[in-house]
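Chains X and P, in that order, are what the protein sequence lines are.
Residue 100 in the working numbering is what sits at position 41 of the first sequence, and the numbering runs on without skipping anything.
Residue 78 in the working numbering is what sits at position 38 of the second sequence, and the numbering runs on without skipping anything.
Among the hints, a few may not be true.
[What the hints assert, rightly or not] Counterexamples of contact, computed for chain X against chain P with all Cβ distances above 12 Å:
1. Pro67
2. Glu132
3. Leu172
4. Thr175
[Claimed, not checked] So the derived list for chain P, only partly shown, Cβ under 7 Å to chain X, looks like this:
5. Arg82
6. Gly83
7. Pro84
8. Phe86
9. Phe141
10. Gly142
11. Ala143
[What the hints assert, rightly or not] Below, a list of computed lysine-lysine pairs in the DSS-like style, where the Cα atoms sit at most 25 Å apart:
12. P:Lys138 x X:Lys130
13. P:Lys43 x X:Lys116
14. P:Lys57 x P:Lys43
15. P:Lys111 x P:Lys95
16. P:Lys57 x P:Lys99
17. X:Lys116 x P:Lys138
Note that these hints are calculated values from the structure, not bench results.
Note that the structure is a prediction, hence the values are computed from the model and not measured.
Don't be surprised by glycine CBs; every beta carbon is placed ideally from N, CA and C.
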Amino acid sequence: NAGVTQTPKFQVLKTGQSMTLQCAQDMNHNSMYWYRQDPGMGLRLIYYSASEGTTDKGEVPNGYNVSRLNKREFSLRLESAAPSQTSVYFCAIRDRGGLLYNSPLHFGNGTRLTVT
Amino acid sequence: SQKIEQNSEALNIQEGKTATLTCNYTNYSPAYLQWYRQDPGRGPVFLLLIRENEKEKRKERLKVTFDTTLKQSLFHITASQPADSATYLCALARGYNKLIFGAGTRLAVHP
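From just these sequences and the hints, can you work out the full model?
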């Protein structure tokens with residue numbers, strides 16, 4: 060998906076290990092999001108950043124931290140990975156301005172994380 | 041809290057027929073509702089948005105309806121093709137800056 064790049068694409072961690080998922084965009088959008096997707100659960104919002112310098116919790120923030128490094132980059136960190144964090148993680152971006160609060164999300168292609 | 045329900049069973053249809061997918065929600069009616077398509081191994085891709093004051097929206101072979109009385113949106117693909125096979129997600133607004141998603145319905149179009 061043009062515009063949103065996620066790295067790495069795949070990762071296997073042992074319980075207790077830490078890692079950072081990276082997300083970078085080249086669409087100059089203000090808002091950035093981290094979702095996780097599990098079978099039968101749909102996409103669940105972990106954290107989001109409405110604009111550079113701000114971050115807020117979503118539905119399932121426990122066990123995660125985020126950093127909005129600049130307008131382009133939004134990283135998700137797992138300090139001590141647990142098997143329950145095995146999932147596919149998607150970064151998404153959205154433009155925001157005026158009445159564009161209903162603008163669509165643009166997603167990256169995800170990071171597939173397995174915690175053993 | 042707001043919940044979204046999409047049929048978890050896959051929808052199998054014959055090529056050329058109309059596919060109809062359902063999205064039901066509880067509690068308050070959102071200001072708008074969005075539909076996305078997701079292919080295996082890829083991120084969701086936005087298809088259509090419909091606002092609460094719109095009954096119907098069309099884009100090529102796609103049509104979305106929004107019934108705030110029934111708390112339901114229907115997503116139609118007319119003259120379906122095997123290339124339409126994918127999982128379709130609905131999403132609705134929650135507050136100013138959040139979207140919540142349904143689990144999606146997988147559509148399989150058979151030649």
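Structure-based check of each hint:
With 12 Å as the threshold on Cβ separation, the claim that Pro67 (chain X) sits away from chain P holds: the shortest Cβ distance comes to roughly 14 Å. Its beta-carbon lying about 17 Å from the closest one in chain P, Glu132 (chain X) satisfies the requirement of being farther than 12 Å from that chain. Every Cβ of chain P is farther than 12 Å from the Cβ of Leu172 (chain X); the closest lies at roughly 14 Å, confirming the non-interface assignment. No Cβ of chain P approaches the Cβ of Thr175 (chain X) within 12 Å, the least distance being about 21 Å, so the stated non-interface status holds.
Look at Arg82 (chain P): its Cβ gets to within about 5 Å of chain X, closer than 7 Å, so that hint holds up. With a least beta-carbon distance of about 3 Å to chain X, the hint placing Gly83 (chain P) at the interface is held under the 7 Å criterion. Because the smallest distance between the Cβ of Pro84 (chain P) and any Cβ of chain X comes to about 5 Å, under 7 Å, the interface hint for this residue holds. Hint status for Phe86 (chain P) relative to chain X: holds, with the closest Cβ pair at about 4 Å, below 7 Å.
For Phe141 (chain P), the shortest C-beta to C-beta distance to chain X is roughly 4 Å, which falls under 7 Å, so the interface hint holds. Taken as an interface hint, Gly142 (chain P) checks out: its beta carbon lies about 5 Å from the nearest beta carbon of chain X, inside 7 Å. The interface hint given for Ala143 (chain P) holds, since its Cβ lies 4 Å from the closest Cβ of chain X, which is under the 7 Å cut-off. Note on Lys138 (chain P) and Lys130 (chain X): the hinted pairing holds, with a Cα-Cα distance of about 18 Å set against a maximum of 25 Å.
For the hint pairing Lys43 (chain P) with Lys116 (chain X), the CA-to-CA distance comes to about 18 Å; that is within 25 Å, so the pair holds. For the suggested pair Lys57 (chain P) and Lys43 (chain P), the alpha carbons sit about 30 Å apart, so the restraint of at most 25 Å is broken. Annotation: proposed proximity of Lys111 (chain P) to Lys95 (chain P) holds, straight-line Cα distance about 12 Å (limit 25 Å). Between Lys57 (chain P) and Lys99 (chain P), the direct Cα distance comes to roughly 17 Å. Compliance with the 25 Å bound is thereby established for this hinted pair.
Proximity of Lys116 (chain X) to Lys138 (chain P) is assessed by CA-CA distance (about 11 Å); at most 25 Å being required, the pair is judged to hold.
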